[in-house]
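Take a look at the letters that make up each chain.
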Amino acid sequence: MNFWKRALASVSRRKGKSLILFAVVFILGNVIAGAIAIQQSTNNVEKNIKKNLGASATISIDYEAMMNLTEDESESAFKESALTNLAMTKQVGELPYVAYFDYTVPSYFQTEKLKAIEPEEEEEGTVSYGGGMGFTVVGGNTEEIADQKKGKIKLVEGRSFSEQELSSGKQVGIISKTLAEQEKIAIGDKIIFDRVSRTGEEFTDDGSIKETENTKTFVKDIPVEIIGLFDVQQTENKGKDKEKDNQHYFVDYNYQLAEQKNTVYMPNEAVMKIEKEYHRSLEEEYPNFWDFPEEEYQKMKDEEAEETTYYQPFFMLKNPEDAEAFRKEAQALIGKHDKVLISSDQFESVSGPLSGMSKISGLVLYVAVGASLLIVTLVILLFLRDRKHELGVYLSLGEKRVKVIGQIVVEVMIISLVAITLSVFTGNLVADGVSSSLIASQEQTENYEMYSDPDFYEFQQLGTETVSQEDVISAYEVKLSASYIVTFYLVGTATILLSTIVPLIYIMRLNPKKIMM
Amino acid sequence: MAIIATEDVNYYYQDGDQRRYILKDTSISFDKGKFYTILGQSGSGKTTFLSLLSALDAPKEGKILYQGKDIRNIGYENFRRNNVGIIFQSYNLIPYLTAVENVMVPMAITENKLPDNQKEVAYNLLDYIGIVKSKSDRQVNQLSGGEQQRVAIARALATNVDVILADEPTGNLDEGIEQEIVAIFKKLAHEHDKCVIVVTHSNEIAQQSDDTYILRKGRLARYE
Numbered sequence: 001m002n003f004w005k006r007a008l009a010s011v012s013r014r015k016g017k018s019l020i021l022f023a024v025v026f027i028l029g030n031v032i033a034g035a036i037a038i039q040q041s042t043n044n045v046e047k048n049i050k051k052n053l054g055a056s057a058t059i060s061i062d063y064e065a066m067m068n069l070t071e072d073e074s075e076s077a078f079k080e081s082a083l084t085n086l087a088m089t090k091q092v093g094e095l096p097y098v099a100y101f102d103y104t105v106p107s108y109f110q111t112e113k114l115k116a117i118e119p120e121e122e123e124e125g126t127v128s129y130g131g132g133m134g135f136t137v138v139g140g141n142t143e144e145i146a147d148q149k150k151g152k153i154k155l156v157e158g159r160s161f162s163e164q165e166l167s168s169g170k171q172v173g174i175i176s177k178t179l180a181e182q183e184k185i186a187i188g189d190k191i192i193f194d195r196v197s198r199t200g201e202e203f204t205d206d207g208s209i210k211e212t213e214n215t216k217t218f219v220k221d222i223p224v225e226i227i228g229l230f231d232v233q234q235t236e237n238k239g240k241d242k243e244k245d246n247q248h249y250f251v252d253y254n255y256q257l258a259e260q261k262n263t264v265y266m267p268n269e270a271v272m273k274i275e276k277e278y279h280r281s282l283e284e285e286y287p288n289f290w291d292f293p294e295e296e297y298q299k300m301k302d303e304e305a306e307e308t309t310y311y312q313p314f315f316m317l318k319n320p321e322d323a324e325a326f327r328k329e330a331q332a333l334i335g336k337h338d339k340v341l342i343s344s345d346q347f348e349s350v351s352g353p354l355s356g357m358s359k360i361s362g363l364v365l366y367v368a369v370g371a372s373l374l375i376v377t378l379v380i381l382l383f384l385r386d387r388k389h390e391l392g393v394y395l396s397l398g399e400k401r402v403k404v405i406g407q408i409v410v411e412v413m414i415i416s417l418v419a420i421t422l423s424v425f426t427g428n429l430v431a432d433g434v435s436s437s438l439i440a441s442q443e444q445t446e447n448y449e450m451y452s453d454p455d456f457y458e459f460q461q462l463g464t465e466t467v468s469q470e471d472v473i474s475a476y477e478v479k480l481s482a483s484y485i486v487t488f489y490l491v492g493t494a495t496i497l498l499s500t501i502v503p504l505i506y507i508m509r510l511n512p513k514k515i516m517m
Numbered sequence: 001m002a003i004i005a006t007e008d009v010n011y012y013y014q015d016g017d018q019r020r021y022i023l024k025d026t027s028i029s030f031d032k033g034k035f036y037t038i039l040g041q042s043g044s045g046k047t048t049f050l051s052l053l054s055a056l057d058a059p060k061e062g063k064i065l066y067q068g069k070d071i072r073n074i075g076y077e078n079f080r081r082n083n084v085g086i087i088f089q090s091y092n093l094i095p096y097l098t099a100v101e102n103v104m105v106p107m108a109i110t111e112n113k114l115p116d117n118q119k120e121v122a123y124n125l126l127d128y129i130g131i132v133k134s135k136s137d138r139q140v141n142q143l144s145g146g147e148q149q150r151v152a153i154a155r156a157l158a159t160n161v162d163v164i165l166a167d168e169p170t171g172n173l174d175e176g177i178e179q180e181i182v183a184i185f186k187k188l189a190h191e192h193d194k195c196v197i198v199v200t201h202s203n204e205i206a207q208q209s210d211d212t213y214i215l216r217k218g219r220l221a222r223y224e
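Those protein sequence lines, which keep their order, are chains B and F. So in full-length UniProt numbering, spot 209 of the first sequence is number 209, and the numbers just go up one at a time. So in full-length UniProt numbering, spot 46 of the second sequence is number 46, and the numbers just go up one at a time.
By construction, these hints were calculated from the structure, which means they are not laboratory data. Any given hint might turn out to be false.
To be verified - Covered by chain F, per the in silico footprint, the following chain B stretches (three or more residues, Cβ under 8 Å):
#, region
1, 322–334
2, 477–488
3, 504–517
As the list claims (entries may be wrong) - Far from chain B, by Cβ distances over 10 Å, these chain F residues were calculated:
#, residue
4, G40
5, Q41
6, D116
What the hints assert, rightly or not - A partial selection of chain B residues facing chain F, derived with a Cβ cut-off under 10 Å:
#, residue
7, P223
8, L397
9, R401
Note that CB positions come from ideal geometry on N, CA and C, so glycine has one too.
Taking the hints into account, I'd like the entire structure generated from these sequences.
Shown next, in the form of structure tokens:
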């Protein structure tokens with residue numbers, strides 16, 4: 001009848017006491033398991049969404065900080081920004097966390113003769129975009145277009161830029177297949193973007209735009225030879241999964257999709273050349289076209305002489321886990337009012353309900369572990385006091401104290417492991433139920449609108465999926481994962497083992513003579 | 001050579017500067033094959049003497065010798081595990097175990113060489129002291145006082161030790177049962193060559209023992 005057999009006999013024959021300890025561990029185990037399940041689930045959502053968001057980064061002006069600056073300060077902030085200083089971008093691109101980096105020179109062609117793709121209207125009368133669509137021009141710096149690398153587009157016909165085209169700034173372009181089909185454009189065609197700038201118009205009462213006698217119109221034809229056609233990749237797939245009744249989302253989604261189809265990829269050098277030439281011609285034909293006050297106009301002219309070019313950088317990181325280290329080091333290299341935007345940052349903005357729940361569950365976990373330590377310690381201690389004579393018998397028979405302790409630990413662990421094993425499942429159910437109501441209550445208080453995020457455009461340019469609060473909530477799932485089970489068993493058994501420390505000290509101090517005689 | 005002996009044993013409680021002696025200069029030896037009783041009034045120190053012999057406590061001065069060796073050197077825990085069997089007044093059995101399992105507890109603790117068929121040995125021991133097999137499989141709290149004390153005796157014998165120490169073993173039993181228990185002790189001493197030392201306040205038991213000692217004012221003397 002060694003201590004193992006004695007422990008088994010004690011557990012099975014002292015049913016009442018075993019049941020009490022089981023109930024205590026089971027109830028506390030459920031609280032701990034629930035808290036761990038919620039923590040794990042929120043962590044999984046964060047990990048998965050951040051993984052989906054990828055590890056790409058860009059640099060943006062910190063608009064919030066800029067709001068507190070004077071006009072002069074804002075101007076100098078822009079001049080000191082990495083967005084206008086290619087050398088800064090290159091320095092950031094040389095950081096060890098960066099797999100590759102690129103930059104584009106953006107532009108926008110508003111045309112009248114060449115028709116851009118209009119967003120699809122789901123329900124008549126519900127969508128209004130205010131004015132026609134134009135063409136987003138994205139400058140490229142490498143043979144493989146940056147958006148191709150990001151997976152935003154796929155080249156389906158023709159070819160990409162050649163080295164020679166990139167360096168010479170030849171006006172070659174890659175457009176969407178949809179646009180090509182709509183405008184009957186084939187590879188090798190030279191199309192004309194009749195880039196229009198117009199000022200002095202008025203809005204009528206019905207919302208349309210009317211020309212007045214002050215209206216000035218400047219049109220410059222920009223010939224571009226089409227060398228390739230692309231298809232938009234990610235956004236289309238994502239749109240299909242979206243709920244159709246989410247009108248706000250659908251409007252934005254359709255607009256975004258049309259915008260992508262209206263993108264024209266050209267070499268950076270070509271975009272810079274076109275921009276310079278366009279503004280020079282505009283200025284020649286209509287000095288102070290936009291009717292700026294004289295002083296401001298002069299200032300702008302001086303600035304234009306400095307030939308400031310706006311670069312939009314893109315960094316692909318080697319590892320998503322390096323994001324914060326990259327941000328810290330990059331921030332030191334860029335302008336004071338610049339900020340590093342990482343694709344995964346979006347998660348922080350939309351994770352409100354989950355992070356609240358994660359905090360609550362973290363707190364519950366600590367409290368439950370603390371309460372378990374106290375309660376289980378007291379229960380074991382009370383039971384041991386009842387068994388003082390039994391322990392005295394073992395000691396008087398010459399049993400080693402370590403084996404007496406071993407018997408008690410085995411008994412507690414047998415009961416606790418059964419309770420913990422059951423709690424794995426029931427705690428998971430508890431977590432599911434609790435988190436559903438917690439999310440619902442948090443959702444009501446959080447009203448984040450991703451589309452109103454000042455950095456939304458930059459996130460879009462990163463080419464990653466955009467996430468909404470609904471995405472985060474729908475990704476939340478309490479499940480029986482291996483890590484949840486392992487973590488709960490570790491926390492559970494560690495708590496129970498710690499709870500036996502005080503009772504074991506009690507055994508160590510027992511004097512068999514005092515008990516038995 | 002005596003199986004167990006005390007040599008100049010002193011045991012006292014320190015009360016400020018004063019020492020209150022329970023045992024003073026006690027030197028006595030016990031042999032195998034004999035049934036001894038220690039008489040004394042309540043509070044005379046009988047139980048303390050037994051606790052020293054059973055290594056549940058250590059003398060303040062002097063030695064307890066087992067086969068001539070100081071039990072301090074054997075180790076108190078080792079000594080209890082391998083060399084002595086103890087029977088208590090209130091039986092002190094493990095309540096959730098059966099009689100046979102109680103007897104098997106010290107078998108798992110001792111380092112003495114025992115037969116492999118321990119359960120059978122335990123049944124035989126119980127049978128020898130009057131517990132039939134059907135009762136051996138009952139939990140001990142379903143047995144009478146006399147039966148529980150028999151189980152306690154069987155447990156003391158389970159490790160095949162030479163010295164059996166009993167502290168008022170019949171204190172809670174009826175007279176008839178008392179005689180049966182005494183008979184077992186005599187049989188163990190005389191037929192099985194054990195050294196049985198029983199602490200009691202009963203003259204009737206003392207009269208049946210081979211040697212009787214009386215403890216008075218800390219001095220242990222032969223009782224004629």
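- Task: Please flag the earlier hints that this structure goes against, numbers listed from lowest up.
- Result: Violated hints: 1, 2, 7; rest satisfied.
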